[in-house]
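J.: One-letter residues, chain by chain:
Protein chains: 2
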Amino acid sequence: MPTNMTRETDVDVLIIGAGPAGLFASNALARAGVNVKVIDKRPVKIAAGQADGIQPRTIEVLQSYGLADRLLKEGTQLHLASLSCSMGVQAFYNPSPKGGIELTERTPDTMAPTARYPFEVTLHQGAIESLFLDSMSEHDVRVARPYVPTSIELSNNEAELKDPQARPVKVVLKNLAPLDNEPDTEIVRAKFVIGADGAHSWVRKALGITMEGEQTDYIWGVVDMIPETNFPDIRNKSAVHSENGSCMIIPREGDGVRFYIQLSEKDGGVDLATGRVDKSRIGPRKILEVARKTIAPYTIETPESFEWWTIYIIGQRVASKFSVDERIFIVGDACHTHSPKAGQGMNASMNDSHNLVWKMAHVLRGWADISLLKTYELERQKYANDLIDFDREFAKKFSDKPKTEGSEDGVSHEEFKKTFQKFGLFSSGIGVHYAPSSVVSPTYQSAASGLPIGQRVLPQMFLRAADGRPFEIQDVLPSDTRFKVLVFTGDTSDPEQLLKVNDVAEGLKRVLQLYAPGRDVVKMFDVLTFSAAVKERVMYNAVPPLLRAHWTKVFTDDMDTVGKLAGGGYEYYGIDKKEGAVVVVRPDGYVGTAAPLSHVSDLEGYFAGFMTKAKVHAALNGINGTNGIN
Amino acid sequence: MPTNMTRETDVDVLIIGAGPAGLFASNALARAGVNVKVIDKRPVKIAAGQADGIQPRTIEVLQSYGLADRLLKEGTQLHLASLSCSMGVQAFYNPSPKGGIELTERTPDTMAPTARYPFEVTLHQGAIESLFLDSMSEHDVRVARPYVPTSIELSNNEAELKDPQARPVKVVLKNLAPLDNEPDTEIVRAKFVIGADGAHSWVRKALGITMEGEQTDYIWGVVDMIPETNFPDIRNKSAVHSENGSCMIIPREGDGVRFYIQLSEKDGGVDLATGRVDKSRIGPRKILEVARKTIAPYTIETPESFEWWTIYIIGQRVASKFSVDERIFIVGDACHTHSPKAGQGMNASMNDSHNLVWKMAHVLRGWADISLLKTYELERQKYANDLIDFDREFAKKFSDKPKTEGSEDGVSHEEFKKTFQKFGLFSSGIGVHYAPSSVVSPTYQSAASGLPIGQRVLPQMFLRAADGRPFEIQDVLPSDTRFKVLVFTGDTSDPEQLLKVNDVAEGLKRVLQLYAPGRDVVKMFDVLTFSAAVKERVMYNAVPPLLRAHWTKVFTDDMDTVGKLAGGGYEYYGIDKKEGAVVVVRPDGYVGTAAPLSHVSDLEGYFAGFMTKAKVHAALNGINGTNGIN
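Order-wise, the sequence lines are chains A and B. If you're matching positions, the first sequence starts at 897 in the numbering used here and goes up one per residue. If you're matching positions, the second sequence starts at 897 in the numbering used here and goes up one per residue.
Hints were generated in silico from the structure; no laboratory data involved. One or more hints might be untrue.
[Stated by the list, open to error] Computed, partial: chain B to chain A, Cβ under 10 Å: (1) 1014; (2) 1129; (3) 1267; (4) 1361; (5) 1436.
[As the list claims (entries may be wrong)] With a Cα cut of at most 30 Å, we get these calculated DSBU-like pairs of lysine-lysine: (6) B:1058 <-> B:1419; (7) A:937 <-> A:1101; (8) B:1182 <-> B:1162; (9) A:994 <-> B:969; (10) A:969 <-> B:1419; (11) A:1293 <-> A:1175; (12) A:1419 <-> B:969; (13) B:1162 <-> B:1297; (14) B:937 <-> B:1217; (15) A:969 <-> B:969; (16) A:1066 <-> A:941; (17) A:1217 <-> A:1070; (18) B:1175 <-> B:937; (19) A:1297 <-> A:1175; (20) A:1396 <-> B:1278.
Don't be surprised by glycine CBs; every beta carbon is placed ideally from N, CA and C.
So that you can see chain A by itself, here it is in the shape it has in the complex (with noise of 0.2 Å):
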């Protein structure tokens, strides 16, 4: 029997929770080099059901850590039209004069035309989190369990927080189940916290944020089945609207199938005493049986047992703050609550941690001031409202009655599917814009008109110069808390242009060399060159030094051999061949900003927003983590 021992632990980052969005930030950060400490309640973890959409603008990002293979391997792609509209809704059924219902439509026009993976992707939470582990666990990160926070504070000296290389904040963590001699109670100092324990997260409550907005009336019943069934659209996306009842359909793993269904009040599973669920009154047949109303005249038969279920109230809401004196964040669902149907959740939660690791990663370095993590709350908090909007307007939709000769006060198709068509962008994630802050910065937008600076960068292939192979620029940029720094050359096989060129290496060195530690430009900064010279003429070698670090860092905007991937980049960017462009890539794959050629100096101005200059960091104890790629 374990007796009453206390253990004290010194770590960069705590990270409370070990869902979707905790993973990810420990994955990150634990690649990046950081000192990383998680914990989670659960004994074990999840084995199945919980969210389980994947957005296109995630696939991206996942992509950008290593891990979209596996993902896209393991899990189910939805295709057809799955950018149509804001869910990927595939096909659309509507009450049929004839009684029951009919297939409306299924939905082939595209509006999210820029995503580079043109589909979502569905698998269960507990296999997207074993990405994180599996990666963590190369790293030697592991997730302590079961473990519970019991208390928190936060140091009120001033010059404490302002040292990020001091640990003001303090955690006490209970043990649930210590092994032998192992202590019950840890005490851990950390550098910076993340609270990633979910919509009742007690890192929130603790600081006492508060969650704005409301409660629905909207009740829903999830199963996750394999079904035997002659509804045709089984294998797509399916959004029923019927006169007696909503569902949509989602396809999983294999041959599975997710089913929302709404109930009404009188279907039970809500204590119409307290308005809260309550499983005790329902089960996964009793909810089943709701959809086989609303799917008539198509059969299903009852499974034999069910994958998982639930059922749940759409709550609406939005944290009051996603941070205290940038040392506390919480990240995912302890920040915003919404529709689970709408497919957002885990990749909200996912990027939100996504947009905070880098900058922690650097302000821990020393790299950057510690009022760069004022962005996270600024860019994610403005997110978590536009998806609440968003969720808002879908919802409620969706539990309208649909219009028919007996309603015609119902939605009709035309406005349902609009609805699902107005967050097309936005939902698929590649819509996101950051607004302009100390680390977007748009003055030099027309520099590269094409590429919006604020977005994520806009998939397109090059040709890499010393060997031709086509590559997608998404993939030479992945998340190793760089910054990327594209010199947009024009045409190098032009003497004259090469001169120029000749300059702009030696001006953008001088930048670059203000902030990179020990003037080693390529540990904080991946200098990449996009030529706009034809593939037979390109010559990787001619472009000065700074700009080829390595021969794999030279590519040039030419057709590839088959002529269907590559070419045009100069132009769907909108830079100017002779002008050029130097293109600044957060580490997160934003575009932070740009300058054409003749200004590369003024870059200074954007660095000096939130970098330290190297002497001020080269006193510092930082860490250096970056990973280098090749």
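Dock chain B against chain A, hints included.
T.: Positioned in the frame of chain A, the structure of chain B alone reads:
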């Protein structure tokens, strides 16, 4: 110390030699559930050097066994103009009027437009072998080493030779390093033996099979190294033809490069008395010295170490026969030797095994008559002869002096390039066209005029009907030893066409059940449906059950959402949307035969040519090791 003990072992197939050809066969047979034993004389597998070029068709073949992902990840891809010519040369350098060499041309035209992977991959032989070794180990098959065969005997009992379940081959093996108490001699009785023991094949010699053709007097040196050079095409496959000799540059994994350098007798390396190469007379530094003169004015530093090197004289020979009584076979270098520069060796070798293994599996299971195995020599010996013809012309042009002002009778760049291009389709592997035989029946070629019978199935994307996900057709035709029956139904959303399809399914079922063990069609045949309905109207569950053993088996010929990948398949394959077609694809991915829907019953004649009717093999103790694919 081991005593003279003897072990006796019964196996279905004994494979002698664990190079690429032997391991390919081992892995494919192991996956097919065949009892296989593989031995090699080397105590450990090779680590570096040797063969390393993987051609486009071979990538397709490896993909059909699920091995291409890793190949593409680990290997170096040669793009640019990799299909423009015989060896995928990307850059040609020739004598410059200013002295030294200069870039004459990079070749952007494509000669093999149908390649699914329009590039070549280099990866050292040891890594290729690991692909197979790791895959085999999943089926608990490992290489026994170091073992050599000491005798081989084939029974002359006619009845035994005809019975596929008999073990008429007796091979005595010697264990060169037996552990304590392990026998040093093993007597193996096998149904079949595959000799994959290289250019100096013991199996071939033991059987008295002669090699036809001759030794050339071209001497070549090879060095693998990481170069420090200013040669601008060092990351492209380059052919340098200078007044000081010829060389080829082939990029390899990481920063590595292989140089093939033509040597003259005065450079050393050959014992002039015997005409044999002698590695004690030359070294990699000396070989590089010759290369240095060839590529001047470009420079190259001598590295601290070389990864691998060798010298050789080209021999161009083909074995007089490839099998003895369809019981003992030789594959790979054991039956054909040629210039390694052409990068064909490993490809031809693996494709020999690919051709042989499914036939062997069918005979072992009692599904096919043993005479099916005669088609191995028929198909692969012809290929080998074509390969030698190609190599002869190629090697000569490469070794000849270039045409310059001072040497008007030399080979001009145009002639040189023409030779390279002439065999483009051939050397990429995608032009292989097997002649009519019991397994290649082009009677109804007109039913699918764009899909040549005897060639591999042309890559084309189709949408999966149930969920609109695009699939490359080659990916739904895995090398699982089953025949694939592709039913091109026409537009199944047209009720009249659907009626016709119902009849076709009845006729097809009758034919397939004649051969399928236990009338279980899917064990032996994978029936796949390709509708011509638009994705908005296709209903995967409208086609008769034989045509949809699972929802994943129905496809449709329409554009994907992005509109770039799929669509136009009927037109490309030359199939009329009313007439439709049934296309039978051999287990190795080559089109076996075809028929219009109206003549589906004629397929009986094709299968009758080599298959055993179900009641016959019901009486046999056949293996049943098909891997069900969903």
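J.: Given a cut of 10 Å on the nearest C-beta pair, is the interface hint for residue 1014 (chain B) held or broken against chain A?
T.: This hint holds: residue 1014 (chain B) lies near chain A, its Cβ roughly 5 Å from the closest one there, short of 10 Å.
J.: Can you confirm whether the C-alpha distance between residue 1162 (chain B) and residue 1297 (chain B) stays at or below 30 Å?
T.: holds, 17 Å
J.: Would the hint linking residue 937 (chain A) and residue 1101 (chain A) be met if the CA-CA limit is 30 Å?
T.: holds, 16 Å
J.: CA of residue 969 (chain A) to CA of residue 1419 (chain B), is that 30 Å or under?
T.: holds, 25 Å
J.: Does residue 1070 (chain A) sit within 30 Å of residue 1217 (chain A), going by the straight-line distance between their CA atoms?
T.: holds, 27 Å
J.: Can you confirm whether the C-alpha distance between residue 1175 (chain B) and residue 937 (chain B) stays at or below 30 Å?
T.: holds, 22 Å
J.: Would you check whether residue 1129 (chain B) satisfies its interface hint, that is, whether its CB is within less than 10 Å of any CB in chain A?
T.: Because about 8 Å separates residue 1129 (chain B) from the closest Cβ in chain A, which is inside the 10 Å limit, the hint holds.
J.: For the pair supplied as a hint, residue 1297 (chain A) and residue 1175 (chain A), confirm whether the alpha-carbon distance does not exceed 30 Å.
T.: holds, 26 Å
J.: Are residue 1066 (chain A) and residue 941 (chain A) close enough, with their CA atoms no more than 30 Å apart?
T.: At roughly 26 Å apart (the allowed maximum being 30 Å), residue 941 (chain A) and residue 1066 (chain A) satisfy the hint.
J.: Compare the distance between the alpha carbons of residue 1058 (chain B) and residue 1419 (chain B) with 30 Å, and conclude whether the hinted pair is satisfied.
T.: holds, 25 Å
J.: Min Cβ distance, residue 1361 (chain B) to chain A: is it shorter than 10 Å?
T.: Since the shortest Cβ distance to chain A is 9 Å, the answer is holds.
J.: With the threshold set at 30 Å, check whether the alpha-carbon distance from residue 1419 (chain A) to residue 969 (chain B) stays at or below it.
T.: It holds: about 25 Å lies between the C-alpha atoms, which stays within 30 Å.
Checked against the numbered hints given earlier, this structure breaks hints 3, 9 and 20; the rest are met.
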